[in-house]
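Enquirer: Can you make the complete structure from the sequences, with help from the hints?
Residue strings, one per chain:
2 protein chains.
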Amino acid sequence: MEIGIDSFAAMMSGNENNAISDALAMEQLLERIAYADQVGLDYFGIGEHHRKGFLDSAPTLILAAAAAQTKNIRLGTAVTVLSAADPVRVFQQHATLDLISGGRAEMVAGRGSFIDAYPLFGLDLDDYDALFVEKLDLLLKIRDHETINWSGKFRPALRNQSIYPRPVQNPFPVWLGVGGTPSSFARAGTLGLPLMVAIIGGETHRFRPLIDVYREAGRKAGHPEDKLKVGLHSLGYIGETTEQAFESFYPGYAAAMTKIGKERGWPPTTRAHFEAQAGPTGALLVGSAEDVAEKILRHAKALGGISRVTFQLDTAELPHSTIKDCIGLMGKQLKPLLH
Amino acid sequence: MEIGIDSFAAMMSGNENNAISDALAMEQLLERIAYADQVGLDYFGIGEHHRKGFLDSAPTLILAAAAAQTKNIRLGTAVTVLSAADPVRVFQQHATLDLISGGRAEMVAGRGSFIDAYPLFGLDLDDYDALFVEKLDLLLKIRDHETINWSGKFRPALRNQSIYPRPVQNPFPVWLGVGGTPSSFARAGTLGLPLMVAIIGGETHRFRPLIDVYREAGRKAGHPEDKLKVGLHSLGYIGETTEQAFESFYPGYAAAMTKIGKERGWPPTTRAHFEAQAGPTGALLVGSAEDVAEKILRHAKALGGISRVTFQLDTAELPHSTIKDCIGLMGKQLKPLLH
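Residue numbers (the working numbering), protein chains in the order written: chain A, 1 to 339; chain B, 1 to 339.
There could be a bad hint or two in this list.
The list treats identical chains as interchangeable, and a pair is accepted whether it falls inside one copy or across any two copies.
The list that follows gives simulated cross-link-like pairs (lysine-lysine, DSSO-like), each with its CA atoms no further than 27 Å apart [claimed, not checked]:
{"#": "1", "residue 1": "Lys229", "residue 2": "Lys141"}
{"#": "2", "residue 1": "Lys335", "residue 2": "Lys324"}
{"#": "3", "residue 1": "Lys220", "residue 2": "Lys141"}
{"#": "4", "residue 1": "Lys141", "residue 2": "Lys52"}
Calculated directly from the structure, the hints in this document are not laboratory data.
Small disclaimer: the values here were computed from a predicted structure and weren't measured.
Expert: Below, the structure written as structure tokens:
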């Protein structure tokens, strides 16, 4: 099983405590990616957000800088908000990243969990699904053919156009990043794309029926079993002990969830709620390496097998040195337990 | 005077001789940028092209990788084809690059000398000037204000939108990259933007009247003299001696110019033509460091002063080691002569 990290490049210049400049936050993020590579983690993903509080509106730039400072780790997005982007530009950026990294680039294409990109790029939320379907179609055509003819509703047609550069990897890895929408799971299966499932709350095993929808759609479309890979993205944090992990993680997690909850209409987060999420069947991957490894294996079994798990470590707004310690434990303790 | 290099990230995988993979070409380009930084050059620019033969369709990705491997050199585009891009994305990318590089990023915005971007992004060449004017206006608004209201013809309106991340530098440096169009020189002056003039053929001093248009427009608009900077971009190559430089540079230069000339209706390049261009008043910066330094000072005087000169070294398709030697001579011999 591959172990990785996803980061949304938190902007900390506006923090009440431990504020640091955006340039220093970027430097520390790049240092963490390089460290993840050194300790042997398999993947580092950068999100895409278009709002105050995040530095990742241009994630492939951060990944390109990381590519120059790493040797083995695979680098991708988490997720590319494809609905709001031009697939031609997105492909050019990822192909360039693939050249820079010597074939270590990936893309997780999704619709995004925030909606800021829609007004920013003049898009209508009524087209939420249609935009994604059309843009994914174009992206995969560009990936699979150097020269294409294409027409659609949301972008000017391409007549015998060639897109450069071409990536090192062929086919270039494109995952579908999904939340809880059943049609998204079916779409990924039908297209034979690997599936990255974000499970950031509730009980992880409850996603099994949706993953079955994915595998079933994939089989029906005739894709071989080994193409139908499932990855799991969850919030997490590894400490020296489970107790220490809980104590370090909870305060920042509660504050962050309560803040997002205000926008989305969730109730404030309580300690009891956190402990349920951090318990044996909950979505949070918080604890000692041993406890979390056991939990990941439990989740993997419940979901019918997973090939990658990525941790979102930024949630609790922990200081750089604490996150680095966590990355060290992920490489040195967690990874060997899951190999 | 600042000394720099501009590269268009030549794709060499299709070359008849000395073909190398695109990944190796990218690795060598990044190595040259790191070397340019080590020998003390001031600037490295990456172009933007959307055609076979170039690896720079996403120039800010290459610059982000370079930023991670350099300490002092300033990094920018040469040029960003702003007419065909979304200024929001372009700003996000450059702001991210500025964070990654710790405030060493720049942009040279232009209309591009090839027209491939127009059909690729569904644009009409009839809008060549209107596109640039509108997009530059939006770009500068985003640069100067975190939250903006804007509407135009070629992009959806922005209503009270904030664009992130914000760059380290304020204002973020935006140059105008121009060829020979008089209205472009006047526009740069009126806006008080530094001017990057591409002079790739003919006699450099003949651009003086256009540069006077720039300075006059700038003065009329009330911009202080020190904001009205002029940079010069030319094809060049420094050898140990002028004879050696001519012998190394000519064959590849003639082949490349003849090839582009076929598309643009120029006659084939001859040795006599080359020697005129490489002579005292011609545009080519080819020769020994001493001869080229003298020539640059002559050009600077003829143009009323220049603050930066950038060399396009890729034209003659010289091997990586030869270009590296040239970069070494630029840092160790040419730069001290122009300081």
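Enquirer: Determine for every hint whether it applies to the structure shown.
Expert: A quick look at each hint next to the structure:
1. Lys229 to Lys141: within (21 Å within a copy, 45 Å between copies)
2. Lys335 to Lys324: Classified as within; 15 Å inside a copy, 42 Å across copies.
3. Lys220 to Lys141: This pair counts as within: shortest intra-copy Cα distance 22 Å, inter-copy 52 Å.
4. Lys141 to Lys52: Answer is between; shortest inter-copy Cα gap is 18 Å, intra-copy 34 Å.
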